[in-house]
Amino acid sequence: RSVVAAPPQDGRSQGRCPQAADARSGERGRVSPQGSRRVAMPPKSKFVIQPFKQHAVMDEAYVQKTWGTLRHAIDEIFAHNASGLSFEELYRNAYNMVLHKFGDKLYNGLKDTVREHLAKMAADVDAANDQAFLDALNKRWSDHKLSMIMIRDILMYMDRVYVTQHKKVPVYDLGLQLFRDDVVRAPRIRERLLTQLLDLVGRERSGEMINRQLVRMVVAMLVDLGKDVYVRDFERPFLEKTAEFYQRESAETVAQNSASEYMERAERRLAEEEDRVKHFLDSSTEAKLRDVMERELITKHMRAIAEMEHSGLVPMLDNDRREDLTRMYNLFKRVGLGVMRDLLTDHVRSQGRALVMSAADDPAPAGSAAGADASADAPTPSPAGGGPPATPGSAQARDPVTFVDDLLRLKGRYDAIIDACFAGDKTFHNALNRAFESFVNLNARAPEFLSLYVDNLLRREVKGSSEEEVENTLEQVVMLFRYLQEKDVFEKYYKQHLAKRLLSGRVVSDDSERSMITKLKTECGFQFTSKIEGMFVDMKTSGDTMAAFREHLASTAEAEGNDGGLQGKVGSVELQVQVLTTGYWPTQPASVCIFPPEIQRCTEVFARFYSSKHSGRTLKWHASMGHADLRATFGSRHHEVNVSTYQMCILLLFNDRDTVSYQELQEATHIPAHDLKRALQSLACAKFKILTKEPKGRDVGEEDAFAFNDKFTAKQIRFKVGTVAATKETDVEKTETRHKVDEDRKPQVEAAIVRIMKSRKLLDHNILITEVTEQLRPRFLPDPGMIKKRIESLIEREFLERDKADWRVYKYLA
Amino acid sequence: MKRGVKGVFARKSSGGAAPKFADQLWDKYKDPKDADIISPEGVETFCGDLGFDPSDVHVLIFAWQLEASRMGYFSKGEWTNGFARLRASSMPELKAVLEHIYQETMQGARSMHGDHEAFRDFYAFAHRFCRDDNKKNLDTETACAMLAMLVQSLYPRHVEQFAAFLAKINRTHGINQDEWMCFLELCRTVKDDCSDYADDGAWPILLDEYVEYVQEGCK
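Protein chains in written order, with my numbering: chain A, 1 to 814; chain B, 1 to 219.
Quick caveat, the hints were computed from the structure, so don't treat them as lab data.
As the structure is a prediction and not an experimental result, all values here were calculated from the model.
Note that CB positions come from ideal geometry on N, CA and C, so glycine has one too.
Keep in mind that a hint or two might mislead.
Simulated pairs of lysine-lysine, DSS-like, Cα-Cα distance not exceeding 30 Å [stated by the list, open to error]:
| id | chain 1 | residue 1 | chain 2 | residue 2 |
| --- | --- | --- | --- | --- |
| 1 | A | 521 | A | 492 |
| 2 | A | 788 | B | 76 |
| 3 | A | 789 | A | 804 |
| 4 | A | 168 | A | 111 |
| 5 | A | 734 | A | 677 |
| 6 | A | 789 | B | 95 |
| 7 | A | 804 | B | 20 |
| 8 | A | 788 | A | 758 |
| 9 | A | 531 | A | 521 |
| 10 | B | 136 | A | 811 |
| 11 | B | 136 | A | 740 |
| 12 | A | 811 | B | 95 |
| 13 | B | 191 | A | 788 |
| 14 | B | 168 | A | 789 |
| 15 | A | 804 | B | 135 |
| 16 | A | 746 | B | 135 |
| 17 | A | 761 | B | 136 |
| 18 | A | 689 | A | 746 |
| 19 | B | 28 | A | 740 |
| 20 | A | 278 | A | 120 |
| 21 | B | 135 | A | 761 |
| 22 | A | 495 | A | 613 |
So these bits of chain A aren't anywhere near chain B, every CB distance computed over 10 Å [stated by the list, open to error]:
| id | residue |
| --- | --- |
| 23 | 157 |
| 24 | 318 |
| 25 | 335 |
| 26 | 515 |
| 27 | 735 |
| 28 | 743 |
| 29 | 765 |
One chain only, chain B, in its complex shape (with noise of 0.2 Å):
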């Protein structure tokens, strides 16, 4: 993440505009009720103008760069912080900003040897961003959405399998943080028929089954 935004401030020397710029948005999109947050309705006019579905991963990557606590709203001081952080000072800027951030982590991601923590805090951000509140747990739905959206495109064949197996086994209670982690980390060191899986133990058993899954076949 840190680097995302290193790498947007090298180039782009606009600083001085961004809590201006911030500002301007802030009282654009605010709930008319109540002063002290963006509710669902302004995200939504505020998607629109910047050209994003709110279900795009943008709105995400947006979302995580202000750290957002809770999926619909923003409060100010997110706001804010999250505005001084991205530096941008216009709808267009930010847009760059946001799709730069989102090609770097992806390219941490993808390459072997690159930075892949960005990604990994940005996968463990939708998890905990998309649960219902005071929930442990991501329900599986949302899971599979959010799996297909992340890592579809770098795992391809264990995000659909695990969707299958989900629905498989009909998992009801959800996703928690640590099957949610690991699950990446599955991704990345196992290969997609599993046959090189490691069963030294520490895997979840929700993980165990889905190799033994895939390793039967998926049937």
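If we strip away everything but chain A, and leave its shape as in the complex, we get (with noise of 0.2 Å):
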């Protein structure tokens, strides 16, 4: 089993003969053949094994000869003829080479020897035609990896003792390098491979059934020659070939297509490339073609997608297309939906302006030509919900239920879109109040409408919806109220209305009014309800004080023996009053108007009844706000009237006389113009014609006479002539009401500077105007100017004075 040792063939090597001995020995692996004299035997042995202090050298020729026999295994596990060789021998053979320094001859050899091979592979796969190429790559592939399997475990000892000494490439991977230099970025297959590859690829798109599993392994075969073979060899062309694809793509999907079906397209596209790269890419192009597709599908196209004329978001959102909007909203996401919150914005924004715009250039004064009934019987607020978009600019619009109902219908829709299609994405429940923000307030009035609206709902609340319903459009309400800057005003226009509805004996359910109170301390604090809180109290009052008056009349009465009195009347009248704290309520102008004689006495009666029990404490007589019920005769017939206290002023005047013309009856009454107008408005031209006008027609002028109509016939016993429902305001009123609240923010304003500078102490202008206004914006916004003016009244009475330093700087003084 020795082998012996062939004389050095040059002189190059000066070694003696190898002994056998070495050879077995370091087979066995116990002495160290070089390291001999450094293993001390035991000190009790008797036998010394001297080592051969000679040192053995392989001679060059036995060294050719194991390369000899090495090599031609390699070419033969090339053959893929290897199951005649002996792993032991060749593995030996290696060990030997290595062992004796010839690691070099060794590793060189070897790689002179695949890439012999790799040649001969590559000249192969080369002369394959393209429809082979690929196929006869994978084959040799596969190949070359089995043979380089095998090749290492022969070279094991050379990978483990002479590739690490020397920082070599390991026996396997210098096989693929080789692989990979000599094969796959051979020039013209290099070239072929990308091309068959990004071929394959385009006829996928473009619908062929291909073979993926060959796709796959050569990818695989990339990635496994290195990641950077495959980004640089493959990924990245690929990449710029998809954009390449995808911009001409999308560019006439985009030309040809309505939007959403280059959305559909576009959707369908992603997902295939998706599927694409979980078959046959590698996982790390996942992220970067998504990249690439949605920057060459949705990035680059979005807007124009978005703003298509026929069929981009704008239509969409008016035909109420809910599909295409859900796929629009999931596939812009993927890139930022900035381009279509902002259209949406855009466009709701430009709605409620053509609404709130058309609203607030109403011409005509309400009121003053349909009459009280009209006004009263105002539209009901048609079933909100779904439906075609409130057509901003129609007629109907001007009307303040209408208004606020397409408001309601607006903001419902576009929610309602929000949570369907968009899931419910905040980022655009917040542009959307933003855009009902900013148009709400561009009609300046929109406080006023809204509360009209409440009131409108709180009226005749009984007559339709359930207390439910009428909860829920409260909710909706007060959402709208959150957009007022001028929370203020409509808190005015609330008092007056609900005023109007508690004296008038209209308020439907108190459930309801306390629902909405609440709703809005909620919103303002305690102190924004705090007045209209105290009106409810004063109706409760005015019960108490009525039950008092009817006692003392009833026992005065006994007195006197007046049986009137006894059923708590004066005289034949049976009165009600109201006593109503100033303050609480909106103040109305004083209401000038010269009672009845016998309404007179009925008023002196129950002042002085009250003056006996609050001393200090003064009545004004509010006639425009009541109403009374009047017994009439009509030729034969008897009717219960009820009307306005106006109208009652009026129509006892024809108990003296028949004919009395517009004049007269002004001196009479001495009521205002515009109510003596309304009022026999409502008793000469609208439903009930108590009253008969001359000259005939639809409005009161101050020529007119009137006339008590004999010939009046009612169905009912009882009925009501119109009394005056809340209408829009005449712009007289209008601009009183503007004054009152301006009067009414000053010193709002003034404590708001006084809170602010007594924390402050000292305080630059602007950013006093800054968070006065910021401190005021729950109730309203004020007008930077308004603030200045106010600054400027507390520094003449010495709240404030300006910083000697820099006359820009207020300062406190306590």
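Hints in hand, dock the two standalone chains.
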């Protein structure tokens, strides 16, 4: 079994014949051949084995022979002929070579041999026609891997010792590297490989079936050959090609299709590419590919799609194309929703603006033409919900109720879309809110209209809707209320309307009234509603006062033997007074009205009674807020007529005379012209014509004359002549309210200034303005000029002064 | 103000004579019915003796130096303390001192970097001194006259324009202290044509309107 070495072939080798023991001992691994001297035998031992003094050196011929054997083996392995080889022998050969410092030779020899084979392989692969090309490559690749595994096993010792010591590439990896350089990156192959792969992908994109398995293997090969091979030889060009492809495709699609079709296609393409990655690309490509796709398919065309005239976002919204909207949201969400959100907001804004403006420039003061009855029967709120968007600009939109309904419908529509299609996206809801805030306030009358809407709702709830529905609507109203900048103006109107409701007995549901107030309180705090609550207290107190008054009448009547008094009457009149605290109630213009004598007497009796209970209080009579029940006789027919106090004053004049001119009425009652005309209109021109007017006509003129209508008939015994319902204000009233609001704001602004200055002591003008605005925002948006005026006033009154060093800075004077 | 007085003091050293001189004058001009004040008649005579018209700016300087609180009247305290500060011991000396203070004050106002404070103080005093009792505002007519007297020489165009503006808007309720002081600030810092007016908001509204008026070509 020993190997006898041949004599050295040249003079380079100085070694003697190697001893067989040397090789054997190496094989057993017990004694290190060169290190034998270092091995100390145990001292007890009698036998000393002398190490060989001579160095065991392999001679050249033997090396050649050994390498020859190995090289032959490698050739055989590449030729798929490895079954006849002895692994052990080959291993030993390699071992010997490495051991005897021929690692270099072995390593380089291996490299050369492998390259020879690879060159052949490359030639074979290149020779394959296009159809067989990838297959050929793939087959060579798997063969090569197998071969390299076998070779690695044989040369394992080299891997362990030589490669590590000399920091070479391990055998297997070397094999891959060589394959990469000599086959995959052989100039022609590299090019063909890429073209083929891209071609296959391209074919699949255009709908052909391809051999995914093969592509997957080839791609896997590239990955095995190293990440950078995959990236440089395939991924990068692939992504470029992809971008190119989709750039062209999407440009065409955008030009020829609707937004909806485009998006469907884009969605499909995105899914396809994702699928592609899963099936035959490396997973690291997924994110990169998605970036490319999203850029080409969405980012670049997003605006164009969204703005498409007939199929873009706006038409989708208008036609309630929920499916498309959902698709757009999901698609655009990948790259950012800014464009979509802005477009949506713009659209809502323009719709809202149109709606608001059409309501704002209402030319005709309401209530003048239609009269009291007509305005009492204001258009019923149409059921909210789906349907086409409100058509702004229509004549109807000018009515406060319709206005608010339209707003609510608009809001409801977009809320529903956002919830259903945009996954309830918060940012969209916020954008919607901002849009509403921007246009609701464009209409200076929005606070008034909103209050009128509530008025209408609370007056008629019993007629149609259930408490729950009313509650829901109130919720929505409060939502609109939040958008108002001038909440104090709303409060003004709300009090006015509430006052009318309370005083004319039109409060239908106490619960709903209170619910609304609670909501306002939650929104704006206790202060906002304290006066409103005071109004309710007044109503209750008035009830108690009246009960006491009746008792008082009864007791005095007993003493005087007066029958009427016993029934709580003064003369033939039953008086009902509501005593209202000044300050809680909206201040009415002092009502100048001369009561008929019998009524005048009543008021005096009550005034005496009241001041006996509460000395020092002054009573002022507000005829404009009251109403009266009259017993009237038309020919032989008796009716009970419910009219306003003004109307009563007018009608009682006809007890003495049959015809009275407008001028005479005016003189006798002193009712303000505007109210007088309104009252006469509902008496003479509306449903119940108790009076006849000369000349006839819908409007009351100052030259008209009125006569009692004997021939009047009505089906009901009791009826009501149109109470003047709350309508939009006239221009005069509007300026008046505006003025009142401004007056009310002054102390609030001053209080805010003082509060801020008190805590800050020194403050720059502009910062002060900002802080005051911020502090008052929940109530109203103060005008900087107004704040400035208040600051000046406070300086004048020495609450503040300008700082000596900088006149722009204010100083608080304690 | 302080500097003016000091300047005088540095050159004149007749300090000891001042109280006596003050007492002499007091006895001469005091109200025959009320020994504690000098009333308008006395003031007028005093001005005449000093050689000034009562509406002369030097008289205002005198009142300012005395820290007089009421137009046409001087109290004993104001008189004594004021003369102690002025340190004048004869009528010609007093006249010279007043002239000197006036010149110093205007000098300070005129120079870009000079002591503007003295003039400011004088200017503020004018508003305080000239307005009617218990009023916060200086009536428009007096205000214009005062501006003409005090500021005209410094900022002639602003004063003229402002007077024209006040006449145009028919300002009836006068000028308050803040507007008065801010007008001086405006004269000092804003060009005649108001082209560099910084609308940073802190100006009183009256001045905003004035600037607007000027910028629109004084129409």
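Checked hints:
no.: 1; hint: A/521 x A/492; verdict: 15 Å, holds
no.: 2; hint: A/788 x B/76; verdict: 42 Å, violated
no.: 3; hint: A/789 x A/804; verdict: 21 Å, holds
no.: 4; hint: A/168 x A/111; verdict: 12 Å, holds
no.: 5; hint: A/734 x A/677; verdict: 19 Å, holds
no.: 6; hint: A/789 x B/95; verdict: 44 Å, violated
no.: 7; hint: A/804 x B/20; verdict: 38 Å, violated
no.: 8; hint: A/788 x A/758; verdict: 17 Å, holds
no.: 9; hint: A/531 x A/521; verdict: 11 Å, holds
no.: 10; hint: B/136 x A/811; verdict: 19 Å, holds
no.: 11; hint: B/136 x A/740; verdict: 27 Å, holds
no.: 12; hint: A/811 x B/95; verdict: 40 Å, violated
no.: 13; hint: B/191 x A/788; verdict: 23 Å, holds
no.: 14; hint: B/168 x A/789; verdict: 21 Å, holds
no.: 15; hint: A/804 x B/135; verdict: 23 Å, holds
no.: 16; hint: A/746 x B/135; verdict: 23 Å, holds
no.: 17; hint: A/761 x B/136; verdict: 24 Å, holds
no.: 18; hint: A/689 x A/746; verdict: 47 Å, violated
no.: 19; hint: B/28 x A/740; verdict: 60 Å, violated
no.: 20; hint: A/278 x A/120; verdict: 34 Å, violated
no.: 21; hint: B/135 x A/761; verdict: 27 Å, holds
no.: 22; hint: A/495 x A/613; verdict: 28 Å, holds
no.: 23; hint: 157; verdict: 88 Å, holds
no.: 24; hint: 318; verdict: 44 Å, holds
no.: 25; hint: 335; verdict: 43 Å, holds
no.: 26; hint: 515; verdict: 43 Å, holds
no.: 27; hint: 735; verdict: 22 Å, holds
no.: 28; hint: 743; verdict: 18 Å, holds
no.: 29; hint: 765; verdict: 4 Å, violated
Checked against the numbered hints given earlier, the structure breaks hints 2, 6, 7, 12, 18, 19, 20, 29 and satisfies all the rest.
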